[in-house]
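Participant: So you can see what is in the structure, the chains are spelled out below.
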Amino acid sequence: MARPIVLTTDFGHSDNYVGIMKGVIRKISPFADILDLNHNINQGDIANASYNIETAYNYFPDYSVFLCVIDPGVGSERRAIAIETENHFFVSPDNGVLSFILKNENIKSCVELNKSDYFLKEVSDTFHGRDIFAPIAAHISLKKELHELGTPINHESLIRLENTAHKSEEVIHGKIRQSDYFGNLITDIPADWLEKKKKN
Amino acid sequence: MARPIVLTTDFGHSDNYVGIMKGVIRKISPFADILDLNHNINQGDIANASYNIETAYNYFPDYSVFLCVIDPGVGSERRAIAIETENHFFVSPDNGVLSFILKNENIKSCVELNKSDYFLKEVSDTFHGRDIFAPIAAHISLKKELHELGTPINHESLIRLENTAHKSEEVIHGKIRQSDYFGNLITDIPADWLEKKKKN
Amino acid sequence: MARPIVLTTDFGHSDNYVGIMKGVIRKISPFADILDLNHNINQGDIANASYNIETAYNYFPDYSVFLCVIDPGVGSERRAIAIETENHFFVSPDNGVLSFILKNENIKSCVELNKSDYFLKEVSDTFHGRDIFAPIAAHISLKKELHELGTPINHESLIRLENTAHKSEEVIHGKIRQSDYFGNLITDIPADWLEKKKKN
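In order, the protein sequences belong to chains A, B and C. Residues in the first sequence are numbered consecutively from 122, following our numbering. Residues in the second sequence are numbered consecutively from 122, following our numbering. Residues in the third sequence are numbered consecutively from 122, following our numbering.
Hints may be right or wrong, so weigh each one.
[To be verified] List time: in silico SDA-like cross-link candidates among lysine to any residue, alpha-carbon distance up to 20 Å: (1) B:LYS148 / A:GLU175; (2) A:LYS148 / C:ASN208; (3) A:LYS264 / B:LYS148; (4) A:LYS148 / C:ASP154; (5) B:LYS264 / C:LYS148.
[As the list claims (entries may be wrong)] Cβ pair distances, simulated, as ranges: (6) B:SER237 / A:ILE293: 31 to 39 Å; (7) A:ILE228 / C:LYS296: 29 to 37 Å; (8) B:SER230 / A:PRO273: 50 to 58 Å.
It should be emphasised that the hints constitute simulated quantities derived from the structure, not laboratory data. Idealized CB from N, CA, C, for every residue including glycine.
Using the sequences and the hints given, assemble the complete structure.
Facilitator: In C-alpha cells, the structure reads:
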C-alpha cells in the first residue's frame with residue numbers, strides 16, 4: 122500500500138498547477154492517496170504555510186508524505202530537502218517552512234534532494250513543484266528510502282523561521298500567522314504569555 | 122469495500138480545515154472514497170446547505186455517507202445526529218439541514234451522536250467537524266451500525282427548516298436558497314405555484 | 122484497473138455542480154481515480170480551457186480520460202464528441218476546446234456522442250456535464266470502446282480554434298490565453314516570432 126501524499130501550496134485554484142502536480146504524482150505512484158491540505162497559502166508566506174502544516178499533520182495517517190511548495194526562492198540557490206520523522210515524511214524547499222518539525226519531532230533522516238534521476242527529465246526554473254518536489258514525494262510514497270533520493274545533511278544546517286514575538290513590561294509584539302475564513306486571527310505569540318498577562 | 126463519504130461544509134478553501142477533516146477520516150477509514158460536494162456554502166446558511174445536498178444526493182452511489190458541517194450552533198446545546206435511509210447515510214448537527222430527508226425518504230434509523238468513544242479524544246468547542254462529525258462518518262463508512270454510534274431518537278423530534286414561501290392573491294414571497302456562479306437564483310417557491318400563476 | 126478521469130470545467134467552486142459530476146462518475150465507475158485539473162476556467166472561454174489542457178495532458182498517466190466541460194453552446198445544436206489518441210482520451214463539446222489534439226497527436230478514433238443509452242435517463246437542457254459527459258467519461262474509464270459510445274466521424278469535421286495571432290512589420294497582435302494567479306499573462310503568439318523579433 123502506497124503512503125498518502127498531502128499537498129500544501131500557494132498556487133491557488135485558478136490555474137492548472139496543482140492538477141499537473143497530481144498528474145506527475147499519479148504517473149509515478151498509481152495508487153497513493155492524494156489529499157489537499159491547503160492551496161491558498163498567502164503567496165510566498167512561509168510562516169503562514171508553516172502554521173497550516175504544523176496544526177494539521179498529527180491528524181493524518183502515520184507515514185503520510187507532506188509535500189509543501191511555498192517557494193519564494195524558486196530559481197535561486199536554496200536547497201530542496203526531505204525529512205523523515207518517527208511518523209511522517211516532509212518534502213519542501215529549505216526555507217524555514219518545516220521549522221516546527223525540528224522543534225517538535227525526532228529527526229530520523231534529512232537529505233538534500235540533489236539526485237536528478239528522480240526529477241522530471243527537464244527541470245524548469247520556475248515550477249519545481251512539478252519537476253522536483255512532486256516526483257520526489259511520489260517516490261517516497263512508494264517507500265523509496267530518503268538516502269537514495271538525496272545526500273544526507275545535518276538538520277542543524279536547515280533554515281529556521283524566527284519567531285518574531287517579543288514583549289516588554291507593557292507591550293507584547295507578534296505577527297499574524299493565519300487570518301482565517303471565519304475572521305479569526307492567529308498570532309505567533311505564545312499562549313502562556315497571555316495567560317500570565319491575565320493573572321496580573 | 123468502504124462506503125464513500127461526501128463532504129459539504131461552509132469552511133471555504135482558504136484554510137486547512139477541510140484538509141484536516143480528510144486526514145481524520147483517512148486515519149480511521151483508510152480506503153473510503155472522499156468526495157467534495159461543496160465547501161462554499163454561505164457561512165451558517167442552513168437553507169443553502171440543505172439545497173446543495175437535496176439536489177445532489179441521488180446522483181451519488183448507494184450507501185454514500187453525507188457529512189454536512191454547517192453549524193451556526195457549534196458550542197451550544199444543539200444535538201449531533203446521524204440518519205440512515207433506504208439508500209444513504211447522513212451525519213450533521215440537528216439544525217434543520219436534513220429536513221428534506223424527512224420529507225423525501227423513509228427513515229430506517231436515527232440516532233443522537235453522544236458516544237464519545239467514537240469522537241477524537243479531545244473535543245474542542247469550535248471544531249466539531251474534525252472532532253465529532255468526521256470520525257463518525259469514517260466509522261459509518263466502515264459499516265459500523267448507527268445504534269452503536271449513538272442513542273436512537275424519534276425522527277419526529279428533529280429540527281426542521283420552515284419553508285418561508287407564502288402567497289396572497291397578488292404576491293408570492295420566497296427566499297433565495299442558492300445564488301449560483303452562473304447568476305441563477307433558486308428560491309424556495311414551489312414550482313407549481315408559478316405554473317398555476319402562468320395559467321391565469 | 123479503471124482509467125483515471127481528469128476534470129476541467131468553468132463551474133467554479135461555489136456550487137455543487139462539480140461534486141455532482143463526481144457522484145455520477147463514481148456511480149458508474151466505482152474505482153476510477155478522479156483528478157481535478159482546473160474548475161476556474163474563465164466562463165465560456167474555450168481558448169483558456171484549451172490552454173489549460175494542452176499544457177497539462179502529457180503530465181498525466183497514459184490512458185487518462187480528459188473530461189472538458191466548457192460549453193457556451195449548451196442547449197444548442199453543437200455536437201458532443203470523444204477522441205482517442207495514442208495515449209489518452211478526450212470528451213467534450215465540439216467547440217474547438219480540443220483543437221490542439223488535432224495538431225499534436227495521431228487520432229485513433231473520433232465519435233459523436235449520440236447514443237442516449239449511455240447518458241443519464243433524463244437529459245436536461247443546461248447540465249450536459251452531469252447528464253452526458255460525466256457518464257461517457259465513466260464508461261471510457263471502464264474501457265468501453267469509443268465506437269460503442271457514439272458514431273464515428275471524420276476528425277476533419279471538428280471545430281477548430283483559430284489562432285488569432287498575426288503580425289505586420291512593426292506590430293505583433295495576439296490574445297491572452299491565460300492570466301495566472303501569479304500575474305503571468307500567456308498569449309497565443311508563437312514563441313519563435315518573439316525570438317526573431319529579438320534578433321533584429
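Participant: With reference to the structure, classify each hint as holding or not holding.
Facilitator: Right, here's what the structure says about each hint:
Between B:LYS148 and A:GLU175, the direct Cα distance comes to roughly 17 Å. Compliance with the 20 Å bound is thereby established for this hinted pair. Using a Cα cut-off of 20 Å, the hinted pair A:LYS148 and C:ASN208 holds, with the two alpha carbons roughly 13 Å apart. Of the pairs offered as hints, the one joining A:LYS264 and B:LYS148 holds, with about 19 Å between alpha carbons and a cut-off of 20 Å not exceeded. A threshold of 20 Å between alpha carbons decides the hint, and for A:LYS148 with C:ASP154 the separation of about 12 Å falls inside it, so the pair holds.
This hinted pair checks out: B:LYS264 and C:LYS148 have alpha carbons roughly 19 Å apart, not beyond 20 Å. A C-beta distance of roughly 36 Å is found between B:SER237 and A:ILE293, which places it inside the suggested range of 31 to 39 Å. Taken as a hint, the range 29 to 37 Å is violated for the pair A:ILE228 and C:LYS296, whose Cβ atoms sit roughly 51 Å apart. Range check, B:SER230 to A:PRO273: Cβ separation about 55 Å, and the 50 to 58 Å hint holds.
In the structure shown, a violation is registered for the earlier hint numbered 7 alone.
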